[in-house]
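Asks: Protein sequences, first through last, are from chains A and B.
Under the numbering used here, think of the first position of the first sequence as 1, with each following residue one higher.
Under the numbering used here, think of the first position of the second sequence as 1, with each following residue one higher.
If you're looking for bench data, these hints aren't it; they were derived computationally from the structure.
Being a predicted model, the structure only gives us computed values, none of them experimental.
Note that beta-carbon positions come from the ideal geometry of N, C-alpha and C, so glycine has one too.
Don't take each hint at face value.
[Stated by the list, open to error] Quick partial rundown of chain A residues pointing at chain B, CB under 10 Å, derived from the structure:
no.	residue
1	46
2	53
3	57
4	59
5	70
6	83
7	135
8	195
9	196
10	200
11	204
12	211
13	225
14	233
15	246
16	308
What follows is each chain in one-letter form.
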Amino acid sequence: MHPARSVIFFTTASGAGYGLLVWLAVVAIRDMLPAEPAFGATAFALAFALIVSGLLSSTFHLGHPERAWRALSQWRSSWLSREGVAAIVTFAPAGLFALGWVVFGETGGLWRISAVIAALSAMITVYCTAMIYGSLRPVPAWRTMWTAPVYLMLSVLTGALIANVLVHLWRYREAASALNAGVLVLLVVGLAVKLVYWRAIDGAAPTSTAETATGLGRFGIVRLIDAPHTETNYLMQEMGFAIARRHARKLRLIAIGAGFVFPFAVTVLAAYGVAPTLFVVLAAASGAVGIVIERWLFFAEARHTVTLYYGQTAI
Amino acid sequence: MTSLPASPAARKLGLVIDLDICVGCHACAVNCKEWNTSGHMAPLTDIEPYGDRPRGVWFNRIHTFEVSDAATGAGRTVHFPKSCLHCDDAPCVTVCPTGASYKRTEDGIVLVNTDICIGCKLCSWACPYGAREYDEDEGVMKKCTLCIDKIYNENLPAHSRVPACVATCPAGARHFGDLGDPASDISRLVEARDGFSLMPEQGCAPVNRYLPPRPRGEAGRSAEAPRMLTHTDTSGDGAGLLARWVDKLITG
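Taking the hints into account, I'd like the entire structure generated from these sequences.
Replies: Right, here's the structure in full:
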């Protein structure tokens, strides 16, 4: 599948923003830091900037961005529509949560309830994003039970990496040590889930073949000898993007290194008090690069059944 | 509403394509483009039509496959026209976030309302068959309408009220009718010829059917090979007196 920049930015940026909301809710509910307005303003501004820029970016690849509001109507059947509705609904509790923290310096009582609802609806939104892909049967690499866990884990992980930078900058000791631990656990679990995902898609038996695509399997082996036309077309550009296997291997290693291994190593150093702020910043920067590569691969490695009509033999 | 109709359409208009007869002339694709570029989903935009990378919207494309028997090594060429299959369980309809994509209850035809389509392309990702095309110029999705503006057009003579691809096929490889009615001519054709649907494992329940190529007869295989240009005629049978005399003279 064609790895469109707008969609890669949308899923990674809004994922990180929603993950950050979850962590702000966690530290507020556990009373790990004072509800200081300056910290709250910075943290919520960052979270909302990531979410809103991601959502806006997702509308850039639309043919008619001005009609985007129509996408909220079909939540009964469409995961894309559900994602839009969930994204907008999330702004209400998240806004209240931010209001209490930034304006009233309060995270208790009713504000706390809004924090819980904001965290839950943030995760529901990320789940809907994942299911846009996870529900597509023609793309077997997406339609696995691991797509949603990967999106959820990486959203919470990237959110934790950013939250960790913020609490280190404000020198909240209790929250910093909790987030260091959280980041380390999420790096391990996130990598494990991603490795299981890769294992699942590499080992999966093909769901469709050139024989089933043409229905000619009863006569023997089917091979394309002439394409419908000499030039490319929309289907080949959008669905026929293919990355060489050896490049995919190399990029997977880079994603693992930058997204998980390096952040783990430097977060351990930070946890032991070695230049903690510098190292958690490095962890977040490296993690961001790794997750963007991971997301690029999520699209580039996925193959669509329509390519069976353009020369592929099994998908 | 992009939920599929609660009760499946009684009428299921669709195509039956005979892979035994199709000669791969691409006339159906050309006439489809010609009719539809000024029809219900007009225009079928072309980008850089005279440039280095011409491309554009087509609702119908003809792929050519070779099928080889693993045991005997015998191969055959099969021309394979493909357009929207107007699935009963159309995923392109249910994934649509706007309601632009819909399946008609009265005849099962799957259409796009280009006035509200946002051009998110998700329907093209959801279709296993590649039936949906993005119009770069208009920023909306387009697809086969089964020539809805032709098949119900009372200004046309009754025999012309068939999709453009069916009307134009010079070999008679394309058939149009109600596949929901087991007594219709087209349903009986599918029954008689053991028609099949494409990728049933994708769970879309396509309406269109394909008829398999007929088995090659043994008689055809044992027939004498055609005469080649290198063939030398040594018999002299049937030649006239003068010709035989000249032959003798120059052969001598």
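Asks: If a hint holds in the structure, say so; if it doesn't, say that too.
Replies: For each hint, the structure was consulted:
no., hint, in the structure
1, 46, "violated (28 Å)"
2, 53, "violated (18 Å)"
3, 57, "violated (13 Å)"
4, 59, "holds (8 Å)"
5, 70, "holds (4 Å)"
6, 83, "holds (8 Å)"
7, 135, "holds (7 Å)"
8, 195, "violated (26 Å)"
9, 196, "violated (24 Å)"
10, 200, "violated (19 Å)"
11, 204, "violated (14 Å)"
12, 211, "holds (9 Å)"
13, 225, "holds (5 Å)"
14, 233, "holds (5 Å)"
15, 246, "violated (26 Å)"
16, 308, "holds (8 Å)"
Checked against the numbered hints listed earlier, the structure breaks hints 1, 2, 3, 8, 9, 10, 11, 15; every other hint is satisfied.
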